[in-house]
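A.B. asks: Protein sequences, first through last, are from chains E and C. Using the working numbering, read the first sequence as starting at 195 and increasing by one per residue. Using the working numbering, read the second sequence as starting at 195 and increasing by one per residue.
Treat the hints as calculated values from the structure; they're not laboratory data. Even for Gly, the Cβ is constructed at its ideal location relative to N, Cα and C. Keep in mind that the hints are not guaranteed to be accurate.
Lysine to any residue pairs mimicking SDA-like chemistry, simulated, CA-CA at most 20 angstroms apart [stated by the list, open to error]:
#1 C/Lys247 x E/Gly238
#2 E/Lys476 x E/Asp494
#3 C/Lys282 x E/Arg345
#4 C/Lys247 x E/Asn209
Per label pair, the in silico range of CB-to-CB distance [claimed, not checked]:
#5 E/Arg385 x C/Lys322: 56 to 64 angstroms
#6 C/Lys249 x E/Asn453: 38 to 46 angstroms
#7 C/Lys258 x E/Thr318: 52 to 60 angstroms
#8 E/Lys416 x C/Ala254: 22 to 30 angstroms
#9 E/Lys322 x C/Lys317: 45 to 53 angstroms
#10 C/Ala560 x E/Glu211: 53 to 61 angstroms
There are 2 protein chains.
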Amino acid sequence: MSLIVKKFGGSSVANAERIFNVANIIIEDYKKGNDVVVVVSAQGDTTDDLIAKAKEINPAGASKREMDMLLSAGEQISISLLAMAIEKLGCPVTSLLGWQAGFNTDSHHTIARIKKINTERLKTEISKKNIVIVAGFQGINKYDDITTLGRGGSDTSAVAIAASMKADLCQIYTDVDGVYTADPRKVKNARKLDQISYDEMLELATLGAQVLNNRSVEMAKKYNVELEVLSSLERKPGTIVKETVKMEKTLIRGAAKDNNVASISIVGLQDTPGIAFKIFNKLAQEKVNVDIILQSVGRDGTKDITFTVPQDDAETAVSAIKTLSDSLKFNKVTLDESVCKVSIVGAGMESHPGVASTMFEALYDAGINIHMISTSEIKISVLIDEKYGDAAVAAVHDAFIK
Amino acid sequence: MSLIVKKFGGSSVANAERIFNVANIIIEDYKKGNDVVVVVSAQGDTTDDLIAKAKEINPAGASKREMDMLLSAGEQISISLLAMAIEKLGCPVTSLLGWQAGFNTDSHHTIARIKKINTERLKTEISKKNIVIVAGFQGINKYDDITTLGRGGSDTSAVAIAASMKADLCQIYTDVDGVYTADPRKVKNARKLDQISYDEMLELATLGAQVLNNRSVEMAKKYNVELEVLSSLERKPGTIVKETVKMEKTLIRGAAKDNNVASISIVGLQDTPGIAFKIFNKLAQEKVNVDIILQSVGRDGTKDITFTVPQDDAETAVSAIKTLSDSLKFNKVTLDESVCKVSIVGAGMESHPGVASTMFEALYDAGINIHMISTSEIKISVLIDEKYGDAAVAAVHDAFIK
């Protein structure tokens, strides 16, 4: 007998038919003798509908406290409907809101962090052999005000419960049946992974293969919660995410593309001490996330510094650099949004020096030019023209995974 | 400076335009220096939409606990939207759910009773000069489960806050501008009352002039909370409901009709001791509310007993009587739903013996036959054919109120 935490997203509970599908998945595991805690997001379009109502009242944006009050009604609806379906199918069940399930968070409305889960109520319900349905995405702060956890918050809610309750497994149900070596809609030879490590999952998630929310994977890693990514539509094993995974025949775990990248160049910088510090300190102050950085020697002893940022941050970054023109001498700042980042991820590459050259060779053979390169212990990323993104992923993927 | 509690129903906050109308009413009183606590129901059709979702999952009816979880999301949406509108108009505001506002109830889901309001949070928000928007209709029981108060619960929420906070006035906003001497859509000469006593209001409410929920009037009477019934669409004084009201020139406060009445006759009862006890004890066990009772002598020394019940209870009542056929001897049970009850209400009638005869004369002049009569200290009711209901109300009303 195990304790299993299951998380279902909004599309899995979008209508009565899907709610019963989810109810049946839950009951199947419950009837095997397991304790089951389920985390649910708001139904399909509920959140968008509620945001539209708020925008109608205040197009400039309501206070974050009231947005949290409004949006958290969404999960309240989905948990009660799912509980009703489980009741209808004859199993004992209780739905709990974030605060009832003991989710204590900080006070950063709309992007709150979980501080602690008071598991007393959860344990009581489980001891009564109730299936427990918990509202994801929400909690309360120390003033008893409702908070929400931000994008992907329900994944985090599920992992947090699994960690606090020392669950045996935390299953994240999605509309794909696991983690693939590349996007299967784009790469014909992509194949599903049986297992992947937390670090590899984090790198892949960051790279745009958005299967799991990053915060939830970080939390799973921190508390050693075994995750499974699987489909709510097909009954078959998904991909297990855990600390140490068995080596596969292939060196890499996956290839992915990220289009949300802009490349910014500061051209003709006069080389004085501290220029890199001044630039990246300023960007940090403006909360711009800098990814790859390349420094090169330009004409006449000047330097060029090129770096990438998420496209949302690009305007902010360019403006910030321009305000430095008093203390820094440079010719111009250029912005290029027609780039993308293609990466391969795999814990195996650390001990195999040939990985990078295999990747570069595959790109060369495909006639794709590399603008920038960045490497970590388990990842190699290249910046290329956006238009070659899909071709690059396929070429690189097939060079490693046959 | 006063503390004013205001309550707005679902139609008053049905869309953005109406929400801003309500926000402006609130701000007007706040800017005069008053402390304002506002109780709101769920928006227009929200409750019906949520009930439809539940019915789709379980047509036979979900558990009451989960219905409360589901339905209480409705006020969560309306309070946050109203708070956003007040923010937009530049005033400080906080929305509070039932549990946040301290509503502790018993555990009778869907028909819970308020046990206590812990006013700490309300007082804190008021001391910060915040307008406070409270979700009506909802609270929590001792297990921290969400409960709802049943039909008209938001009126009760408002009066309960006014009572616990010792508010100076509790204003119930509706789509009519006060309490009338008769239904103004039916009776041309109907006029608005400036004042009415709690007892008169209770009698009128019971009689089908459903302006205020009865429980809320009972609570207002118990805690001596001054109520005002007024329109959210027009800015003019409504009707004040309080303990002692000034006498008006007219003897009666109003005339009203109740169509939800059925008349049941047990014909040819053999007169043995305890027959009335056996009949009405059985009906009480079946939770049938009996209103008017008439006992008359029939043929051959037998008796007839006729009584009225709400139409919803009629089938139950007839079945219950039939189960008594072993211990009671009678010829038959008849049911007549084509009747209605017309009543006049007024504290003044107690000291004016001519009131009943004026009423009966008015009905006689209108050619309307009276089947049954029932009187209390401040009310006279007659049972007549349903088809004469409106004519009877008009005739009786105009006999007293010129």
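A.B. asks: Each hint should be assessed against the structure and marked as holding or not.
C.D. replies: Hints versus structure:
1. C/Lys247 x E/Gly238: holds, 14 angstroms
2. E/Lys476 x E/Asp494: Given pair E/Lys476, E/Asp494 is violated - Cα atoms ~26 angstroms apart, limit 20 angstroms.
3. C/Lys282 x E/Arg345: At roughly 25 angstroms apart (the allowed maximum being 20 angstroms), E/Arg345 and C/Lys282 break the hint.
4. C/Lys247 x E/Asn209: holds, 9 angstroms
5. E/Arg385 x C/Lys322: 56 to 64 angstroms: Taking Cβ atoms as reference, E/Arg385 and C/Lys322 lie about 59 angstroms apart, which means the hint holds.
6. C/Lys249 x E/Asn453: 38 to 46 angstroms: Since the Cβ atoms of C/Lys249 and E/Asn453 sit about 44 angstroms apart, the hinted range of 38 to 46 angstroms holds.
7. C/Lys258 x E/Thr318: 52 to 60 angstroms: violated, 20 angstroms
8. E/Lys416 x C/Ala254: 22 to 30 angstroms: At roughly 45 angstroms between Cβ atoms, C/Ala254 and E/Lys416 fall outside 22 to 30 angstroms, so the hint is violated.
9. E/Lys322 x C/Lys317: 45 to 53 angstroms: About 37 angstroms separates the Cβ atoms of E/Lys322 and C/Lys317, which means 45 to 53 angstroms is violated.
10. C/Ala560 x E/Glu211: 53 to 61 angstroms: holds, 58 angstroms
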